[in-house]
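*Asks:* All chains should be built: construct the whole structure from the sequences, respecting the hints.
Listed below are the residues making up each chain.
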Amino acid sequence: EAGVAQSPRYKIIEKRQSVAFWCNPISGHATLYWYQQILGQGPKLLIQFQNNGVVDDSQLPKDRFSAERLKGVDSTLKIQPAKLEDSAVYLCASSQGDEQYFGPGTRLTVT
Amino acid sequence: ILNVEQSPQSLHVQEGDSTNFTCSFPSSNFYALHWYRWETAKSPEALFVMTLNGDEKKKGRISATLNTKEGYSYLYIKGSQPEDSATYLCALPRGFQKLVFGTGTRLLVSP
Chain A
1 EAGVAQSPRY KIIEKRQSVA FWCNPISGHA TLYWYQQILG QGPKLLIQFQ
51 NNGVVDDSQL PKDRFSAERL KGVDSTLKIQ PAKLEDSAVY LCASSQGDEQ
101 YFGPGTRLTV T
Chain B
112 ILNVEQSPQS LHVQEGDSTN FTCSFPSSNF YALHWYRWET AKSPEALFVM
162 TLNGDEKKKG RISATLNTKE GYSYLYIKGS QPEDSATYLC ALPRGFQKLV
212 FGTGTRLLVS P
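Just so you know, the protein sequences line up as chains A and B, in that order. Just so we're aligned: 102 in our numbering is position 102 of the first sequence, and the numbers increase by one with no gaps anywhere. Just so we're aligned: 130 in our numbering is position 19 of the second sequence, and the numbers increase by one with no gaps anywhere.
Worth flagging that the hints you see were computed from the coordinates, not collected in a lab. One or more of the hints may lead you astray.
[As the list claims (entries may be wrong)] Derived pair list, reagent style BS3-like, types lysine-lysine, alpha-carbon separation capped at 27 Å:
1. A:K62 to B:K168
2. A:K78 to A:K62
3. B:K169 to A:K83
4. B:K168 to A:K71
5. A:K44 to B:K153
6. A:K44 to B:K189
7. A:K15 to A:K44
8. B:K153 to A:K78
[Claimed, not checked] A few chain B residues facing chain A, derived, Cβ under 8 Å:
9. P155
10. V160
11. K170
12. G171
13. L200
14. F212
15. T214
Quick caveat, the model's predicted, so the values are computed rather than measured. For every residue, glycine included, the Cβ atom is placed at its ideal position computed from N, Cα and C.
*Replies:* Here's what the structure looks like:
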C-alpha cells in the first residue's frame with residue numbers, strides 16, 4: 001500500500017513570496033490533515049478535510065494561508081505572502097478512522 | 112484546551128544505554144494515547160495506541176506503559192541503538208478524528 005506522498009520535500013523562499021505544497025493521501029482515506037511543526041514544538045493542526053469539505057480550520061491563519069481538496073483526493077496548501085515565522089515542517093496526514101498516516105513533510109525555510 | 116506535555120525535551124545517550132521519556136495529559140475524559148516515532152527526513156511512524164489503564168505494549172526493544180488515573184505514559188527503550196535516534200511524539204484524540212500532539216522528545220544515540 002502506497003503511503004502519503006508530499007512534494008516538494010524542501011523549499012527555501014524569501015519573505016513575502018508565495019509557496020504551495022501538495023499532498024496525495026492514501027487511496028480511500030476520506031480524512032486529510034495539514035499540520036505545521038515549528039522547531040521545538042509539536043505538530044499543530046492547520047486544517048482537516050473530510051472528503052472535499054472542511055471539518056476544522058480554526059488554527060489556519062486565513063489572511064495568508066489557504067488550502068483546498070478538490071475532488072476529495074489530493075490537496076494543496078498555499079502561503080501568500082510568507083513570513084519568517086512560517087519556517088516549519090508542513091506535514092500532511094490521512095486517515096480512515098482514528099489512526100493517522102503521515103507523509104514525510106515539506107521543510108520550508110523563509111529567509 | 113487539551114494540554115499534552117512531554118519530558119525531557121531532548122536526550123543524548125550512548126549506544127547500549129536504556130532510556131525513558133514521559134508524556135503527561137489530563138486524566139479526565141481519557142480515551143486513547145498514541146505514540147509516534149519521527150526520524151529526520153522520514154514520515155512519523157505509529158508505534159503504539161494505548162487505551163486501558165495499566166496497559167503495557169512492546170515492540171522489539173521499545174515498550175510503553177499507561178497510567179490514566181494519574182495522567183501519564185512512559186516510553187522505554189532498552190539498549191538504545193543509533194537507529195533509535197528520532198523525535199518521539201505522543202498525541203491524544205480530541206473531537207472528530209483529531210489528535211493533539213505533545214512537544215516531543217528528541218533522542219540522540221551516539222555510537
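*Asks:* Next step is simple, just say for each hint if it's right about the structure.
*Replies:* Results of checking the hints against the structure:
1. A:K62 to B:K168: The given pair, whose Cα atoms are some 41 Å apart, is violated under the 27 Å limit.
2. A:K78 to A:K62: This hinted pair holds, its Cα atoms lying about 10 Å apart.
3. B:K169 to A:K83: Outside the cut-off at roughly 43 Å; violated.
4. B:K168 to A:K71: It is violated: about 39 Å lies between the C-alpha atoms, which goes past 27 Å.
5. A:K44 to B:K153: 18 Å, holds
6. A:K44 to B:K189: Judged against 27 Å, a Cα distance of about 30 Å means the pair is violated.
7. A:K15 to A:K44: 22 Å, holds
8. B:K153 to A:K78: 22 Å, holds
9. P155: 4 Å, holds
10. V160: OK, holds: B:V160 within 8 Å of chain A, min 7 Å.
11. K170: 15 Å, violated
12. G171: 20 Å, violated
13. L200: Check passed: Cβ of B:L200 comes within 6 Å of chain A, closer than 8 Å.
14. F212: For B:F212, the interface hint holds, since the closest Cβ of chain A sits about 4 Å away, which is under 8 Å.
15. T214: 5 Å, holds
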